[in-house]
Structure formats: structure tokens, C-alpha cells
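Protein chains: 2
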Amino acid sequence: MVINYELIAQDPATGARAGLLHTPHGTFKTPMFMPVGTQATVKTVTPDELEEMGAQIILGNTYHLFLRPGTELIAEAGGLHDFMNWHKGILTDSGGFQVFSLGDTRKIKEEGVYFRSILDGSKQFLSPEVATRAQEELGSDIAMAFDECIPYPAEYDYAKKSTERTTRWAERCLKAHTRKDRGMFGIIQGGMYKDLRKQSAAEITSLPFDGFAIGGLSVGEPHDLMYEILEHTTQYMPVNKARYLMGVGTPDCLVEGVARGVDMFDCVFPTRVARNGMAMVHSGRMNMKNKQYERDFTPIEEGCQCYTCRHFTRAYIRHLYKAEELLAFRLITIHNLFFLLQFMRDMRQAIIDGNFGDFRESFMAGYSARAK
Amino acid sequence: MVINYELIAQDPATGARAGLLHTPHGTFKTPMFMPVGTQATVKTVTPDELEEMGAQIILGNTYHLFLRPGTELIAEAGGLHDFMNWHKGILTDSGGFQVFSLGDTRKIKEEGVYFRSILDGSKQFLSPEVATRAQEELGSDIAMAFDECIPYPAEYDYAKKSTERTTRWAERCLKAHTRKDRGMFGIIQGGMYKDLRKQSAAEITSLPFDGFAIGGLSVGEPHDLMYEILEHTTQYMPVNKARYLMGVGTPDCLVEGVARGVDMFDCVFPTRVARNGMAMVHSGRMNMKNKQYERDFTPIEEGCQCYTCRHFTRAYIRHLYKAEELLAFRLITIHNLFFLLQFMRDMRQAIIDGNFGDFRESFMAGYSARAK
Numbered sequence: 001m002v003i004n005y006e007l008i009a010q011d012p013a014t015g016a017r018a019g020l021l022h023t024p025h026g027t028f029k030t031p032m033f034m035p036v037g038t039q040a041t042v043k044t045v046t047p048d049e050l051e052e053m054g055a056q057i058i059l060g061n062t063y064h065l066f067l068r069p070g071t072e073l074i075a076e077a078g079g080l081h082d083f084m085n086w087h088k089g090i091l092t093d094s095g096g097f098q099v100f101s102l103g104d105t106r107k108i109k110e111e112g113v114y115f116r117s118i119l120d121g122s123k124q125f126l127s128p129e130v131a132t133r134a135q136e137e138l139g140s141d142i143a144m145a146f147d148e149c150i151p152y153p154a155e156y157d158y159a160k161k162s163t164e165r166t167t168r169w170a171e172r173c174l175k176a177h178t179r180k181d182r183g184m185f186g187i188i189q190g191g192m193y194k195d196l197r198k199q200s201a202a203e204i205t206s207l208p209f210d211g212f213a214i215g216g217l218s219v220g221e222p223h224d225l226m227y228e229i230l231e232h233t234t235q236y237m238p239v240n241k242a243r244y245l246m247g248v249g250t251p252d253c254l255v256e257g258v259a260r261g262v263d264m265f266d267c268v269f270p271t272r273v274a275r276n277g278m279a280m281v282h283s284g285r286m287n288m289k290n291k292q293y294e295r296d297f298t299p300i301e302e303g304c305q306c307y308t309c310r311h312f313t314r315a316y317i318r319h320l321y322k323a324e325e326l327l328a329f330r331l332i333t334i335h336n337l338f339f340l341l342q343f344m345r346d347m348r349q350a351i352i353d354g355n356f357g358d359f360r361e362s363f364m365a366g367y368s369a370r371a372k
Numbered sequence: 001m002v003i004n005y006e007l008i009a010q011d012p013a014t015g016a017r018a019g020l021l022h023t024p025h026g027t028f029k030t031p032m033f034m035p036v037g038t039q040a041t042v043k044t045v046t047p048d049e050l051e052e053m054g055a056q057i058i059l060g061n062t063y064h065l066f067l068r069p070g071t072e073l074i075a076e077a078g079g080l081h082d083f084m085n086w087h088k089g090i091l092t093d094s095g096g097f098q099v100f101s102l103g104d105t106r107k108i109k110e111e112g113v114y115f116r117s118i119l120d121g122s123k124q125f126l127s128p129e130v131a132t133r134a135q136e137e138l139g140s141d142i143a144m145a146f147d148e149c150i151p152y153p154a155e156y157d158y159a160k161k162s163t164e165r166t167t168r169w170a171e172r173c174l175k176a177h178t179r180k181d182r183g184m185f186g187i188i189q190g191g192m193y194k195d196l197r198k199q200s201a202a203e204i205t206s207l208p209f210d211g212f213a214i215g216g217l218s219v220g221e222p223h224d225l226m227y228e229i230l231e232h233t234t235q236y237m238p239v240n241k242a243r244y245l246m247g248v249g250t251p252d253c254l255v256e257g258v259a260r261g262v263d264m265f266d267c268v269f270p271t272r273v274a275r276n277g278m279a280m281v282h283s284g285r286m287n288m289k290n291k292q293y294e295r296d297f298t299p300i301e302e303g304c305q306c307y308t309c310r311h312f313t314r315a316y317i318r319h320l321y322k323a324e325e326l327l328a329f330r331l332i333t334i335h336n337l338f339f340l341l342q343f344m345r346d347m348r349q350a351i352i353d354g355n356f357g358d359f360r361e362s363f364m365a366g367y368s369a370r371a372k
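Here the protein sequences line up with chains A and B, keeping their order. Residues in the first sequence are numbered consecutively from 1, following the UniProt record's numbering. Residues in the second sequence are numbered consecutively from 1, following the UniProt record's numbering.
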């Protein structure tokens, strides 16, 4: 197989595991956080900056690239790696999540999903075959199967029908997957229903995917329910393949996800909040616009080794943000991404050192979701 | 003196000269272009990026920094160099140009200028003494005298009165200038009137400034008139001090300015047009939004050694711009600034090699101000 997961260490008390993911663009350390590069760019930063902060795999959005500039144009450029000049790992989602988020403007049929482009209103169609082909044009190391992300809350009957269709679509994706130099992950759905999660896990993991994702979580449900469904799902997943929890990226959820045996995560959270002036720190979040930082000539977080903290002060970043200078967005983005990537590295080391329980406890004790 | 100009080579046919400018933050090569960092940041780029592209001195705007975050706060941070983490040269304007641009909302008196803040409408006052003190708080290597930039066109009587006031203000600036570890340049005004230019040059250059600027050009007059007044003015300026043409930054004007003996230039042009999607090339400008670049997988300009051209294609930059990705602004800004800085380096080498005439002729033959 073109994607291989290698287990290095495991926390005996929880399911937390440290491993290596072998891909066509290198071997990467897990657990890992994947920065999101929606439109062939992780917003505000260059590939060199991503590399400097230690990013390993980034995520590209098939839905956005399919509509603009078009996956066929990117294929002409030599694929997404060459187009954006990023030569480490790329995972692409299938476009399913975005299409289903369109609500009433899209029509789901057995053959696929009909929708209108947000850019020009033109009629568009995505299906297991189209999404697979688009991702092969992008040339991502890991393509994702085309699935339906079930909204929360959802009726049992709808969730069951949708989950079963996701399995049929997964089979069609594998059939359409012709690039043997690239891998593909299947996605387990099932909403918040344990029997459906078990059924979906059984069906999807029986298919010859290179790894498996847990989809349909972090869609508005309470954290406790997310953790419960996640734990219930991972128990049915094979230990010899990578496990990817989609759309999760706050530090508390990352720790709790790792504790439940997850290896890979992605989320727009660190980049999106950066553009709102929010800097991530171990105690939670700092609103860089706050008056209290006006004359604070210390870095965002003492001891942080990111480019921003090594070069600039809170007072300077606050000034840039208040003055609406674009550099503010970049500096906070760099800090937030570095923070999460370093957080994952620290967590991995704790697993290897046998200290994961202490790490988890001490982090959660100091963390607050409230901005200060 | 704390700022010294050293002549290295001179073109015999024109007044073009190559030199060295010694400042408290290093020795820099002239002729030079100074990127504009209005609000303690050259828009979209970091100091490291400025250094990589070979920037030597950047310009800070006293008017903007005076209003936000306040020059006193920047003094607390250790001065503008430390605040923005740029440790090569900084020249600050006096705020005069911006204040006079406010039009009817400001009142010019002999003691200074009363105006209202564009940020909060508060009453503000700038004068030779206030502007000098503000620049000493910023700690720029080169402060500029507080002057009035005469609009174009202007009546002779107004121009004469204003020019004479600028001389009186220049004397007050020198008196207020107490930081002997920092330099100050005087500014020659006189509008488009040759006798006033001669008078202003005589008066200002008789004062013990570290260098001299030609102000009040590139304010809407035709290029031919600008060149004529410039040439008329530089003949009255001392050869042993740096000459700075304020607010000029298109390549054609830079060549023609150098040909008339100017050593230093600044302009928002390269950074501002970058944010409008315009890339500067030897033949003029490229509108990166144009359809013709959609599948053009070559760099902005073949052979350009800037970071952007070494890493990214026209098609990718066009995509970023169309997708409203902030990275587009940065990549074009980097290219444009590198282009102008390299252009000045090439021009300097041509002067040293005795080829300035050929350089000027061949550049002007291929240059068009129209975007393509």
C-alpha cells in the first residue's frame, strides 16, 4: 500500500498512540494536526513558513479547488503540490462536507449531489466518481471518500439511510480510484447513534482503504457526546491503519481525541481565529485587540519558539491589528499553527515517554475556552 | 556628523552618481529606493523579507505613528527599530505632507498646523518642534524637517510665502533637534517656480542639515515639468551631501531622477499597486488578474531572483488574487519591492561601470506605463 501506519508507542491507560505515517511525500509523525489550506494556500502563510513551523501534512479542499481554479488546471500545473509549491504531504477532503453544508440549494440523489456554484451560480455535480477523479487530478497523497456528513441533530431513519449510502459511495470511490501512487481513506459516519456507528465502522473498515476517518463529529453536539461517540467508534477501527478525526482542532478536543486513539486532525480553528485577532496559548486564547496588551512588550506566550514570538511583542501585534495591517493576520496565524503543531509534538513525546496521563491532566487543568 | 555621504562614482554625461550613505544603523548603497512602512510595517511583509530582498532604509510616517499607536509608546518600546524589529536604516517624514493633504480640515499658522485626527476626530497639532520631538521618540536614523508641500498648481504669491515659512520652520526644526546620535534632512520647496526653488535651495542648504530633500514634486505636474524643476534644483545642492527626491517611485522617474543627481527615493507605488494585483516588470506593469495568465506556469518575470519568482507561477498568483487570498498581496509586494531594489542596484552598477547612459536609454526604450 502507498500509505502505511507504523505504531511506535501506546499509552497503556488510554488508547493514545504515537506512530509514523508513511506517504508518497515523506514519513510524518503522529499524532498530528493538519493545517487547512482551503484554496491552495494556508491562509496568509507560505509553504516555507509551514515547513519552518514543522507542518507535515496540510489539507486541501476539493470543493473549493473544483470550482476555482478547477482541478483540471491544477493537474496541468503538475498537481496541487507543484501548483502551490508545497512538497510535503497533502490530504484532500472529498468536497462532501462543503456540498452538504449548502443546505436547500443542493439535491442529494443516489448517483451524487447536484448543487450550484457559490461563485457564479452555475450547475455543478459531485459524486463518488467525480470527487475521486478531482482528487486524483489534485494529486493529493491521501484522498478522502465522498460521503455525507450527517447534520446534528438528525432523525434515526435519516441517519441510517445516509450512513448506508455513504458505504455504497465508499465502494464506488474505491472503484474509481485508479492512481495507485496515491492513497485513499474511508469515512465512518452514523451520526450520534451507536449502532449506526458500529455498523458504519464494520462496513467501511472492511473495504481496502489506506486509513479511516471519523466523520460527522464536531458538528454542533456537546463535547461529552462527541467524546462518547468517538470512543465508541474507535474501538471498531483497525489498529494497523491511521485514524483521522475530521474537523477537530481546539487543544482540549485534540488531547481528548488522542486519548481515544486518534492519529490525525484538521481544523480551520487556529487560522480562522487568528484573523479575528485571537492568539492561542496554553491557558486558552488571548484577544490581541485588548487594551491590556497596548504597552505589553513581551511575546504572545513566553517560551514559545514560533517565528512571531521570537521577533515581535504583544504591543506590536496589537498595533498592527488595530491599524488593520495585513501582517497582523499572518503573525497570529503563524503563532497559532506553531502552537498546535508544537502541542501535538509535545503530546507525542509524552506518549513515548509514558507521561501522557500527566500531560493530559495538567493541560486540561490550566485550559479555559474563554478568551482573555 | 552622524549621517555622511561618500561619493564613489559619477556619470560624466549626466549628474548620475553612485555613493555610500553612512548612518547609525549601517552604511547603505546609493542610489537607493526606500520602501514605505507607513504604520510601523511595510504592508504585508516582515523585516526579514525586507532584508532578504536587499532593502537598506525604510520610511516611517510620523503622522500615522503620532496618531496611532503614539510616538511616546514607540519610545517606550525602545524606538521604531525595536518596536517593528527592523535594524537597518529608518527615515521618517515629518508628517507635513500628510497634514497638508487633509485640505480644509487643517489650519496652517506660523506656529504650526492644527488638524483633526482621521481616527477619532480629536484636535491635534503638529509644528517643527512637535514633529522633531516625535521623530526623536521614533529614533529614526534620518528625521525630516517639518515643511509645507505646496500643491500643484499654486499661485506664485502663495508659493513664495509658503517656501519662506518652510525655511523658518527648518531653522526651528534644527533648534529642536537634540538627539545628536540621529540625523536630520532639510527639504527644499518652491513649487514649480524656478526662482523660488533657487531661493529655497540657497536658504535650506545654508543650514547645517545632514542631507537635503527635494519636496513638492510628483504632486500632479507633468513628468517633463518635474524633471525640469528637479534638474534646476539639484544644481544648487551641495555635492557632499545626500539628495533625496520625495514621493517618487516609478521606474522611469527613478532613472530620470538618478540622471539628475538624486541619491534617495521613496514611494508607496510598488506596494500599493501590488495590492491592486499589479506586478512591476521591465516592460512596465502586468495586471495579474488578467485571463491571459490563467494557465501561465512561468514566473512573473523570467530571470527575476525575488522570492516570489523563485517559488510561484503567474497562474498560481492569479488564482490567489481571484480567490481573494491575502498571500497574493504579499507575493506581489515582495516581487515589486525586489524589482525596484534590484533596479537601483543595477543602475548603481551601471554608473560604476560607466554604462549609465546605455542603461537609461535601453530601459526607457522598453518601458511603457500601460499595464498589460
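Just so you know, these hints were derived from the structure itself, not from any lab. Among the clues, some could well be false.
Intra- or inter-copy, both count: the list cannot distinguish identical chains.
[What the hints assert, rightly or not] Derived SDA-like pairs (lysine to any residue); straight-line CA-CA distance at most 25 Å:
id	residue 1	residue 2
1	K289	L73
2	K43	K180
3	K88	A9
4	K43	N287
Quantities reported herein were computed from a predicted structural model and do not represent experimental measurements.
Hint check results:
no.: 1; hint: K289 to L73; verdict: between (40 Å within a copy, 16 Å between copies)
no.: 2; hint: K43 to K180; verdict: neither (30 Å within a copy, 45 Å between copies)
no.: 3; hint: K88 to A9; verdict: within (24 Å within a copy, 49 Å between copies)
no.: 4; hint: K43 to N287; verdict: both (19 Å within a copy, 22 Å between copies)
The structure does not agree with numbered hint 2 stated previously, though it agrees with all others.
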